[in-house]
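Please work from the sequences and hints to get the whole structure.
These are the residues of each chain, in order.
2 protein chains.
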Amino acid sequence: MGMRKDLQETTKKKTFSEMQKERREQAQRSILISCPKKIPEKKLLKHLCQHGDITNHFFFESFGLHAVIEFSKKESIASLQDASFIPRGETEFPIPFKSRFFHLNLKNPSNQTSDVQCSNQSSPLNANIIKALCNAESVENQINTLMKILQLTEENIRLRYLTCSLIEDIAAAYFPSCTIKPFGSSVNTFGKLGCDLDMFLDLDDIGKNSTTKTEGSFLMEYQVKNVPSERWATQKILGVIGECLDNFGPGCVSVQKILNARCPLVRFSHQASGFQCDLTANNRIAMKSSELLYIYGSLDSRVRALAFSVRCWARQQSLTSSIPGSWLTNFSLTIMVIFFLQKRSPPVIPSLDSLKNLADVKDKCIIDNNDCTFVSNLDRIKPSENTETVDTLLCQFFEYFGNFPFNKNSINIRKGKEQNKPDSSPIYIQNPFEISLNISRNVNESQLERFVHLARESAWILQENKGQSSKTSTEPWGLAALLLPSVPNKSKAKKAGRGQTSEAVKKLLESIKAESTKDPRATRKKTTISTQS
Amino acid sequence: MGMRKDLQETTKKKTFSEMQKERREQAQRSILISCPKKIPEKKLLKHLCQHGDITNHFFFESFGLHAVIEFSKKESIASLQDASFIPRGETEFPIPFKSRFFHLNLKNPSNQTSDVQCSNQSSPLNANIIKALCNAESVENQINTLMKILQLTEENIRLRYLTCSLIEDIAAAYFPSCTIKPFGSSVNTFGKLGCDLDMFLDLDDIGKNSTTKTEGSFLMEYQVKNVPSERWATQKILGVIGECLDNFGPGCVSVQKILNARCPLVRFSHQASGFQCDLTANNRIAMKSSELLYIYGSLDSRVRALAFSVRCWARQQSLTSSIPGSWLTNFSLTIMVIFFLQKRSPPVIPSLDSLKNLADVKDKCIIDNNDCTFVSNLDRIKPSENTETVDTLLCQFFEYFGNFPFNKNSINIRKGKEQNKPDSSPIYIQNPFEISLNISRNVNESQLERFVHLARESAWILQENKGQSSKTSTEPWGLAALLLPSVPNKSKAKKAGRGQTSEAVKKLLESIKAESTKDPRATRKKTTISTQS
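If you're matching them up, the sequences are chains P and G in order. Heads up, the first sequence is in the working numbering, so the first residue is 1343 and it goes up one at a time. Heads up, the second sequence is in the working numbering, so the first residue is 1343 and it goes up one at a time.
Hints were generated in silico from the structure; no laboratory data involved. The reader is advised that the hints may include incorrect statements.
Said to hold, decoys possible - Capping the alpha-carbon separation at 27 Å, the derived lysine-lysine pairs in DSSO-like fashion look like this:
(1) G:LYS1567 <-> P:LYS1379
(2) G:LYS1379 <-> P:LYS1567
(3) P:LYS1356 <-> P:LYS1750
(4) P:LYS1449 <-> G:LYS1685
(5) G:LYS1379 <-> G:LYS1363
(6) G:LYS1534 <-> G:LYS1630
(7) P:LYS1355 <-> P:LYS1763
(8) P:LYS1416 <-> G:LYS1567
(9) G:LYS1384 <-> G:LYS1363
(10) P:LYS1698 <-> P:LYS1356
(11) G:LYS1685 <-> G:LYS1750
(12) G:LYS1578 <-> P:LYS1567
(13) G:LYS1449 <-> P:LYS1567
(14) G:LYS1567 <-> P:LYS1380
(15) P:LYS1578 <-> G:LYS1578
(16) P:LYS1567 <-> G:LYS1380
(17) P:LYS1363 <-> P:LYS1757
(18) P:LYS1567 <-> G:LYS1416
(19) P:LYS1355 <-> P:LYS1415
(20) G:LYS1698 <-> G:LYS1724
(21) G:LYS1578 <-> P:LYS1416
(22) G:LYS1415 <-> P:LYS1578
Note that the structure is predicted; figures quoted are calculated from it, not measured.
What follows is the structure, encoded as structure tokens:
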């Protein structure tokens, strides 16, 4: 799809903060509209153009039809707001909060014909994934197809930034120079459709102002309330913002204030966008990790391709789970992929230390005594000489970790080399910034064994499948084969709620057999559509 | 004091809403500063002038020295804010909320000399009141002196509007077109120094916008949260504002959310201004009552003079109390004064019905099916032909209610005539707007008896004192005599915490005897100072 291509070509050159800045600014010019089922797109756009030029728009389904409209100027929104009403129901009373989230009414809904195309915002069904893979040309093609199906779409990214921006309006009411930025999978290029939206409330710019204006014998301060610790301040601020979301926040439901967590947060679901949101504050290291992954993900297309395959595989094999526990996490797996790619010769991507060596003065960054410095300018990292194809790399990945000496070595992407394990945890992956921490501390021995076992099994399946393609196969092959439930783990699988998956897969296998007689292109087309938008 | 004179002459002509508008606008150009003890006034003003012209300023004491600065332009405040800091303590962490309430630091406090005059914001001591009255020339002069001592000063009025305006900033963060206005004694011209600050959160302007812009087939509404009742909405909004005051509101302490009251409210104390504040919402009838009293109070100077005397007398005789109970209220007493003045011939002030007959179209006002219509333009009410002096009127007031047939008649300022009592409550004063309600429902038989008894006693004392003046007296006389604890009620008095009053009075009587030998002017001057500012 054109839009995404542009995005990727341009963001390649952009630094993480440039990209964030551009997206934020775009979101601030955008609005969210909940629409009736039948909506005449052209008429609506014509109507909205009264308030200014529209540079972009799309529709999507989430508890009803919604539209995102991007104006070319912020002023247009003020003009639209000026022409909008607070609804006054007979039996319902509004909390008259004026946001950039509107509700559109048609004066005569009956005689309207809907002509809108909805962009998909939710993660695809396993069945559709496997179907798409079976129709691919090669394992390499399968891996790239999988990434295309799973990765965030341009629209979904816009929607994530818009949602942050809407929440920022609520926070900024009290803290004018605060910002709310997405972090984690929404921005690190490894996010998949349907992943949570992690929000970062940044209060640091507040009070940074006018540090120069101190001449004269007077020093003017704001009269403020004080609390004994920064944590306490964060808890108070998040607490009140939580109250506001709960009471005013249009579309914000099931707001939970989890203020006593190590990192205090407000969790809520933003119905209109369909995102599960976690709002935290002053969580700077997490933002830096997002930037690091963004850099690795943007450096070489193989990094993301491989990560998506490995993570999807792990999920299908219930090596990861949505329930916290002794499972591997997507973050751990991504770091393992990065480490593996650093270890290739020639390396596909450089070590974190070499990214640090490329850093200039303005990249310097120390957070809580942790050195988080690394180059931000992607153009200063020279492309890899490694030419291996992603299918080879995937196979090698499984082989590499199928035989990794987890018992004595730790995984360290800062050095790009394995190190001696500092403790006896089954698997030790050094946190790239808080280097005394093991990001896979939670993983127990049996989960590690399952991982190793399945990695070997998968390496073997891929070897065996080499060269084979959809033309000759009547059942899942290549990457698709890796995504089928592996027999020994059925029971475990059921626990992690994969009953319906295997169900879906049974149906699927039949449908494939049936289709294999028809022209595969038909299904391929269906697939391509479902991977688009 | 010049300032107050101007105020009174000009506000006489202003309608209630004009006055409110002017005061609000003045408050929005003003800031509050907490200052160190020693502060060089001239230097400070010179420093602040960097940000724009200062049209008015004063200092006062409340948990330390504070200043109110009124700029001629709002922009000056933005400029000052831009040059101000969020303080960063070592052990204290700020909630970085930027308001118009500042804290001033001196770079070298040592070598500063304070040259500020503080304006008094608190109610005078009984002893000082009685002293001032004893030094007056006549009973008429006593009555006017008492009013001057007790009434709100120009500075105190400014401070009340500024406090509302600071709270409005917090509410307006979420409800941009909401306003917070003072009502009740702060604005009805009957308030005395130290009285509570009643605030009215007005959300009605919200959603009033753009009722015209409905052409085209689309109707754009804000997406809002809805609740099943207006009361519920009010509770939610006040609840969140309460949270904000508690967590961010500079100087707002002991915030209580009393949301299940008949009229939900948030009670808090604003330390810097020293006001006890009650924030309610959509309490329109109360605002209308304030306007009515404002009109009666502004029509004829004798109304306020008499009301202040009667209310001060009632308080001293513990006919009223700060504790809710079966006592008369200041509001009831004020209505009784108004009624009494309507009953004179010729009347001093017109009935509410005749004020209604003078109303024009834009004065029309119906609230919850109660007709609250009356003329807003004071110039359309012609002055009274009654020429009685306030001392005569006070005496007559006591005689009138000393002999009023409370058993069969009700007090009705709408008609300006007594009516038959609709029920058997000891005293029945019709609520001027919710005409089916008795505003003195709470008063029991024994309290009424005390009132009647003391009214007669007081009428008698005033008769006896006729013509007497400070020249010849060595102990409290005239109005002062009425304010001394009356023997029969000592016991009751003690309960209502007047122990220390009588104490003060004993000391006072001695001091007066002592002074009576000296030139009375000396004390008179002292008095005048304490009544000023």
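Problem - G:LYS1379 paired with P:LYS1567 [C-alpha distance capped at 27 Å] - result: Answer holds: G:LYS1379 to P:LYS1567 is near 21 Å, not above 27 Å.
Handout entry: Hinted pair G:LYS1567 and P:LYS1379, Cα distance within 27 Å
Key = holds (21 Å)
Practice task
Please work out if P:LYS1363 and P:LYS1757 have their alpha carbons no farther apart than 27 Å.
Solution key: Violated: P:LYS1363 and P:LYS1757 sit about 31 Å apart, past 27 Å.
Problem - Given hint P:LYS1356 paired with P:LYS1698 - CA-CA distance at most 27 Å - result: holds (18 Å)
Exercise for the section: Measure nothing beyond the straight line between the CA atoms of G:LYS1415 and P:LYS1578; if it is 27 Å or shorter, mark the hint as holding. Expected result: violated (34 Å)
Practice task
Quickly compare the C-alpha distance for G:LYS1379 and G:LYS1363 to 27 Å and report which way the hint goes.
Solution key: violated (34 Å)
Handout entry: Distance restraint between G:LYS1384 and G:LYS1363, which requires alpha-carbon spacing of 27 Å or less
Key = Violated. G:LYS1384 to G:LYS1363 sits at ~31 Å, over the 27 Å cutoff.
Practice task
Please work out if G:LYS1449 and P:LYS1567 have their alpha carbons no farther apart than 27 Å.
Solution key: holds (22 Å)
Exercise for the section: Compare the distance between the alpha carbons of G:LYS1567 and P:LYS1380 with 27 Å, and conclude whether the hinted pair is satisfied. Expected result: Holds: G:LYS1567 and P:LYS1380 sit about 23 Å apart, inside 27 Å.
Exercise for the section: Would you mind confirming whether the straight-line C-alpha gap from G:LYS1578 to P:LYS1416 stays at or under 27 Å? Expected result: violated (30 Å)
Exercise for the section: For the pair we were handed, P:LYS1449 and G:LYS1685, check the Cα-Cα distance against 27 Å. Expected result: With Cα atoms ~59 Å apart, P:LYS1449 and G:LYS1685 exceed 27 Å; violated.
Exercise for the section: Decide if the proposed pair is consistent with the structure: P:LYS1355 and P:LYS1415, CA atoms, cutoff 27 Å inclusive. Expected result: At roughly 25 Å apart (the allowed maximum being 27 Å), P:LYS1415 and P:LYS1355 satisfy the hint.
This entry does not satisfy hints 3, 4, 5, 7, 9, 17, 21, 22, going by the numbered hints stated previously.
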